[in-house]
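Q: Residues per chain are reported as follows:
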Amino acid sequence: LSTTTQDAQGHFGRADADGGGDGRHMGHLDEGHTHGPTDSQYFTIFWVLFGITALEVTTYWWEDWFGQGGWKVAPDDTVRAFGMVLLLILMVIKFALIVGFFMHLRFDSALLRRTFSFGLALGLAVYLITLTSMNFWTYNGNPWFNDPSPPITTTTVVEGG
Amino acid sequence: LAEIALEPVEDVEFPDDAHATATGISNPKLAMWVYLASDCLLFGGLISTYLLYRNRPGEIPGLSGNPERISELFDVPFTSMTSFILLMSSLTMVLSVTSAMRDDIARMRLWLGTTALLGMLFLGGQIYEFTEFVHEGLGFTSNVSSSAFFTLTGFHGAHVAVGIIMLLTLIGLSFSRKVQAEAVETIGLYWHFVDIVWVVIFTVVYLIP
Chain A
1 LSTTTQDAQG HFGRADADGG GDGRHMGHLD EGHTHGPTDS QYFTIFWVLF
51 GITALEVTTY WWEDWFGQGG WKVAPDDTVR AFGMVLLLIL MVIKFALIVG
101 FFMHLRFDSA LLRRTFSFGL ALGLAVYLIT LTSMNFWTYN GNPWFNDPSP
151 PITTTTVVEG G
Chain B
1 LAEIALEPVE DVEFPDDAHA TATGISNPKL AMWVYLASDC LLFGGLISTY
51 LLYRNRPGEI PGLSGNPERI SELFDVPFTS MTSFILLMSS LTMVLSVTSA
101 MRDDIARMRL WLGTTALLGM LFLGGQIYEF TEFVHEGLGF TSNVSSSAFF
151 TLTGFHGAHV AVGIIMLLTL IGLSFSRKVQ AEAVETIGLY WHFVDIVWVV
201 IFTVVYLIP
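If you read the protein sequences in the order shown, they are chains A and B.
Heads up: the first sequence begins at 1 in this note's numbering, then just goes up one per residue.
Heads up: the second sequence begins at 1 in this note's numbering, then just goes up one per residue.
Hints are not guaranteed to be accurate.
[Unchecked claim] Each pair of labels, with its calculated beta carbon distance range:
{"hint": "1", "chain 1": "B", "residue 1": "Lys178", "chain 2": "A", "residue 2": "Val85", "range": "47 to 55 Å"}
{"hint": "2", "chain 1": "B", "residue 1": "Tyr35", "chain 2": "A", "residue 2": "Thr138", "range": "34 to 42 Å"}
{"hint": "3", "chain 1": "B", "residue 1": "Pro28", "chain 2": "A", "residue 2": "Trp137", "range": "38 to 46 Å"}
{"hint": "4", "chain 1": "A", "residue 1": "Asn135", "chain 2": "B", "residue 2": "Gln180", "range": "44 to 52 Å"}
{"hint": "5", "chain 1": "B", "residue 1": "Leu42", "chain 2": "A", "residue 2": "Asn135", "range": "17 to 25 Å"}
{"hint": "6", "chain 1": "A", "residue 1": "Gln68", "chain 2": "B", "residue 2": "Gln180", "range": "55 to 63 Å"}
{"hint": "7", "chain 1": "A", "residue 1": "Val48", "chain 2": "B", "residue 2": "Gly113", "range": "20 to 28 Å"}
{"hint": "8", "chain 1": "B", "residue 1": "Lys178", "chain 2": "A", "residue 2": "Asp77", "range": "32 to 40 Å"}
No wet-lab data here; the hints were simulated from the structure.
Yeah, the Cβ is synthetic: ideal placement off N, Cα and C, and Gly gets one too.
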């Protein structure tokens with residue numbers, strides 16, 4: 001649903017039928033504007049990412065600090081579970097900040113956003129299904145799950161021996 | 001950060017966004033995004049494989065007490081340092097892109113060189129880590145967990161190495177011809193992607209117990 005248009009100066013651009021996409025850029029191209037975060041804003045984003053990473057790293061010691069071996073704030077399992085959830089949330093935030101701002105995806109064409117989102121969503125779906133089908137979310141005590149059975153060895157029992 | 005996040009998207013554009021293509025986006029840039037989207041599947045597969053096999057039993061000489069978990073060998077403080085280095089390289093990469101857009105070639109070269117140097121430091125750290133693991137008795141074929149681990153982190157390292165080659169090539173080319181800002185931006189996309197893959201690997205492989 002997109003059409004290529006050409007302005008009076010011979011520059012090309014795209015106008016989406018749904019009103020999104022690149023059509024919005026047409027009016028500004030000849031002015032040579034470059035918007036998006038400034039250098040100082042990139043530094044701000046970097047320091048936010050730095051802080052998040054530092055927080056992530058501290059979770060490595062949380063069980064020692066807050067668990068039963070430390071200040072006894074909560075049971076070890078609870079500390080571990082809380083840390084894991086927090087790590088996943090922080091990972092998503094970092095991912096979004098880098099893709100959105102450093103990679104400019106937030107400011108770029110809708111087509112690029114859709115292209116990357118499609119690959120990401122497809123990857124997530126395929127591998128979440130794979131992990132689920134291979135019993136990843138539950139642990140049945142069998143570390144060899146989904147491997148070929150170990151070879152059967154026979155033992156000869158001597159009768160009356 | 002909130003100010004940037006709330007900035008209307010309609011006000012933002014880059015000079016290279018309009019091209020004589022059906023999509024209005026330059027072919028190399030679109031191709032890079034398609035490639036990065038496909039790379040999500042590659043790394044998704046490698047990360048899933050590691051997650052499935054990470055607790056498989058196998059004798060590792062350096063781990064007499066708990067031979068099942070290769071994560072016992074991880075040096076998280078050291079890996080955190082290399083993660084910070086890679087994160088810093090993303091900042092220098094984005095600064096090289098803005099320098100290129102301003103036609104400030106000297107600064108662009110400086111930031112590209114810094115990015116390549118930080119990438120080399122990261123790779124050096126990874127090589128050191130691998131060497132330590134091998135000294136502990138954890139080789140590529142020690143068990144299925146170690147194979148999955150080395151394949152995942154090795155593929156990421158190979159991506160970093162390719163990124164460094166591209167950065168150095170760009171610096172070299174800038175001395176003989178005018179480098180388009182879009183070329184720097186496109187290679188920057190690849191570099192940032194390598195960083196976000198590491199964000200996931202660092203969390204899922206190293207930090208989550």
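Q: What hint numbers does the structure not satisfy?
A: As far as the earlier hints go, only 8 is violated by this structure.
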